[in-house]
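2 protein chains.
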Amino acid sequence: MKIAILGYGTVGSAVVQFLLENQKLIRARCGKNITPVIALTRTPKKNALIPITQNIDEILNAEVDVFVELMGGVNETFKIVSEILKKKKAVVTANKAMLAYHRYELENLAKDIAFGYEASVAGGIPIIKVLKEGLSANNILTIKGILNGTSNFILSSMSEKNMSFKQALEKAQNLGYAEANPSFDIEGQDAAHKLLVLSSIAYNLKAKPENILIEGISQITPEDIYFANEFELTIKLLGIAKVRENKVELRVHPTMINKDTMLAKVEGVMNAISINGDLLGESLYYGAGAGGKATASAVISDLMDIAKDQAKTPMLGFVNTLEYKLLDKDEIYTKYYLRMKVEDKIGILSKITQLMSQNDISIDSFLQKPKKNDENYSTLFFTTHLTYEKSIQNLLKILDQQDFIKTKPFMMRIE
Amino acid sequence: MKIAILGYGTVGSAVVQFLLENQKLIRARCGKNITPVIALTRTPKKNALIPITQNIDEILNAEVDVFVELMGGVNETFKIVSEILKKKKAVVTANKAMLAYHRYELENLAKDIAFGYEASVAGGIPIIKVLKEGLSANNILTIKGILNGTSNFILSSMSEKNMSFKQALEKAQNLGYAEANPSFDIEGQDAAHKLLVLSSIAYNLKAKPENILIEGISQITPEDIYFANEFELTIKLLGIAKVRENKVELRVHPTMINKDTMLAKVEGVMNAISINGDLLGESLYYGAGAGGKATASAVISDLMDIAKDQAKTPMLGFVNTLEYKLLDKDEIYTKYYLRMKVEDKIGILSKITQLMSQNDISIDSFLQKPKKNDENYSTLFFTTHLTYEKSIQNLLKILDQQDFIKTKPFMMRIE
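So the protein sequences, as listed, match chains A and B. Position in the first sequence counted from 1, then plus 3, gives you this note's numbering. Position in the second sequence counted from 1, then plus 3, gives you this note's numbering.
Be aware that one or more of the hints could be misleading.
Pulled a few chain A residues facing chain B out of the computed Cβ check, cut under 8 Å [claimed, not checked]:
1. 29
2. 129
3. 133
4. 144
5. 145
6. 293
7. 297
8. 304
9. 307
10. 308
11. 324
12. 412
Don't read these hints as lab results, they were simulated from the structure. All residues carry an ideal CB built from backbone N, CA and C; glycine is no exception.
Whole structure, please, built from the sequences with the hints as guidance.
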């Protein structure tokens, strides 16, 4: 089986390297040789292990069986991949952004053509296969995933090493875990793309990133970490899908979770996805969510499935008859954490709790730390019982208009 | 697709129940109806959801596409399954004992016939699929699995609730997690059967239970738990496969592992398998390892793969060209923990350490607790640096002959 590689960066070169290094193993395990014959690269490379070209047309006309797309990009790349599928050639991709926007168009084009995308979610963890095949007998009740290693590294560093967000981000950048412009990772976009891919397999949801609730971790302070520790909680950036009757909540945001859950124990740059199915109950999948070798593991396993002629089911797994709808953001129903800085005067707490009850929000726990001498405000921490997103958003709007509030209140959801 | 169920107990009835309850979902996800038409049962059942029979010949002659074997048993069942395969009918089984002894004969018989056995290892966790397909690009360096929920429940209870082994076993029996005769679970046989299945997919090892090192958890005392806690370790019954050059260690035994590993965090009856691949690094798979519903999840996913015509690769995954050999037990090379009760006399510690160094064993840590008033012996705890199994076994033999040793020394391996 001959393949062409589009994009010869970290992942592309790892794919080529290990197709060659593990050649004997790969043939033993899938019954065929898988041979990379040409790679597309933007910048010429010395010591490339296979012939390279900078000419996209040369790649597209190459006589190969499978195209591996590792270029990134959304609309331009979608056009190129569409062209390949129209030629009835199989595709393997790691491109979650393209899938977040174009997965249903791609599925239409890929009828009877193998289309692998294991590498698009959680790097080397075979979560696409698990969800599409391994758990296929289950109604999926919830998916909760640590889908972005950069954010998890930052939150772990803040929690274990008492760093500020800024210090932890700098550490991540120094170690190469975060990019110079980290917003795609830390503001939840990357995790949202992955959640959307998973939600299609589980629920046939056609949502795009702009349709769902996405919040990042940049507003989290050491005070939040302190509060979480006091109450046996841990803060993780989670992608969450949750069924309520015929509707599904989809959301990405920093989340307080119990310290004794398996997800809470996932540290550093690792990824993990917890899935709750009606038959299996909770199962969890943990591993490296990024990096050349880990991602190559997923790309090559997709290629091997194609070699075994075992990848012909519809790309998103026959879900087209499932009838779930996206739940409106306002209807999200969960517990909340609130942190606010207020004037240190008589009657403030009573005003706040009055505003809460007017919005149908009841308090589950409350913490006020003794004021330090040099501070002219008090910091209050609340957690609430289950309530609607709409109520909390309304409360936040009203609180923000109050004179006694010193800085914009910060809210985080609790699972 | 019509199926017959052989064995209508907890798992069999859950399979039938959920094939019916999740019928619409199953059709949506695999494109076919999967219909259970007849079940074999030893004892007549009231309220069976489908026709039942006590006559094996009636089942074997039923006009169905797939036979689901949930009877248990080794040789007799192997004969029945062989007969089915000779008729060119697909088989799905949860029977790890049969696979531990007959998997290679079954693979020979199942050429071009679908043979699913996801439910045989770790219940509903799709670990067979993960290893056979998801991680297929990887040389598997190690497999470390908590493969028996009963043992894990007992060890968790001993560790968290300060119970003795006997108390924890009784609790497990009261909760229905352990059988009246628990030896199959607590002495490591069950975990060994599962490890053997995994080792065939990863390494093409033809070993049988009697060829590998199997030790159970019944000799573990609260003192061992105490020591583990002191040194930030946790005790788990692990099935371990580990590559050393062209050879593979296979062993099942209670193991001390670092408290901060993901495996150490697996509590109660849950199962988890940590796999280290040369591309992916460590990944871990966690979930329910037993129970009717969880096991049915795996059985039905196998049936759905067959319905999708996606289960035609060789049963053990094309591994027949891999050339690993089983490592001799004596050559196992790891760290060890030793607990021994000795006379409280001058010079004893010096004698013990001399015997250790004569056997090329060097001490990594040592603990002696102050003797209580009513004790006429001292308890000593050691951990060693890396050494060979042969050396430790020799040391244990020599120690056992010494007058100053009050009870047979106890040894546990450390990872």
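Hints and how they fare:
Nearest Cβ of chain B to the Cβ of residue 29 of chain A: about 6 Å, under the 8 Å cut. The hint holds. Because the beta carbon of residue 129 of chain A sits about 3 Å from the nearest beta carbon in chain B, less than 8 Å, this interface hint is met. For the restraint placing residue 133 of chain A at the interface with chain B, the shortest Cβ-Cβ distance is roughly 6 Å, inside the 8 Å limit, so the hint holds. Interface hint at residue 144 of chain A: violated, since its Cβ lies 12 Å from the closest Cβ of chain B, which is beyond the 8 Å cut-off.
For residue 145 of chain A, the interface hint is violated, the least distance from its beta-carbon to any beta-carbon of chain B being 14 Å, above 8 Å. A distance limit of 8 Å between C-beta atoms decides the matter here; for residue 293 of chain A the minimum to chain B is near 11 Å, and the interface restraint is violated. This hint holds: residue 297 of chain A has a C-beta 5 Å from the nearest C-beta of chain B, less than the 8 Å allowed. Checking residue 304 of chain A against chain B: minimum C-beta separation of about 5 Å stays under 8 Å; hint holds.
Interface hint status for residue 307 of chain A: upheld, as the beta-carbon distance to the closest one in chain B is roughly 5 Å, under 8 Å. The beta carbon of residue 308 of chain A comes within 6 Å of a beta carbon in chain B, closer than 8 Å, and the hint placing it at the interface holds. Annotation: interface hint on residue 324 of chain A holds; nearest CB of chain B at approximately 4 Å, less than 8 Å. Interface restraint check: residue 412 of chain A against chain B, minimum CB-CB distance 34 Å, threshold 8 Å, status violated.
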